[in-house]
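Going by the numbering used here, the residue at position 111 of the sequence shown is 111; the numbering climbs one at a time, nothing skipped.
The set of hints was computed from the structure by calculation and includes no laboratory data. If a hint is listed, it holds; no wrong ones were tucked in.
Below, simulated DSSO-like cross-link-like pairs (lysine-lysine); rule was C-alpha separation at most 30 angstroms, straight line:
(1) K55 x K85
(2) K105 x K55
(3) K85 x K105
Cβ pair distances, simulated, as ranges:
(4) G63 x D83: 30 to 38 angstroms
(5) G101 x G62: 31 to 39 angstroms
(6) Q73 x D24: 26 to 34 angstroms
(7) L78 x P9: 13 to 21 angstroms
Positions of the beta carbon are idealized from the N, C-alpha and C atoms, including for glycine.
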Amino acid sequence: MMGLPSGTPIYLCTEPVDFRNGFDGLTGIVTATLGQNVLNGSLFLFVNRRRDRIKALWWETGGLTLWYRRLEQGTVELPTPEDDKTHVTIDSVELAMWIAGVSLKSSRHRRKRMTAV
1 MMGLPSGTPI YLCTEPVDFR NGFDGLTGIV TATLGQNVLN GSLFLFVNRR
51 RDRIKALWWE TGGLTLWYRR LEQGTVELPT PEDDKTHVTI DSVELAMWIA
101 GVSLKSSRHR RKRMTAV
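Take the sequences, apply the hints, and build the full model.
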């Protein structure tokens, strides 16, 4: 999708945000609501109220990058965070599945493979 370095933490905000927010507004949400530092190299994802648009905020060397994606059909599912948090942490595979419309709930409960003897 974006060529993120391997192992980049990805935080998905599970509360819809006002998409009039730009760099400064989303940085404030990262700090105040998610309790993270926007400069730590993580990718931060936000969804609008209708769940048909996604914004991604990422710090690269030299500045912030803001991506905006409008889904042509359907909506994305917002997962339920544990312990009354306002976000979930996902990996790059889950990110690709989430954008493609696959439920993250079903992807987290994978059947374990049997080990060969």
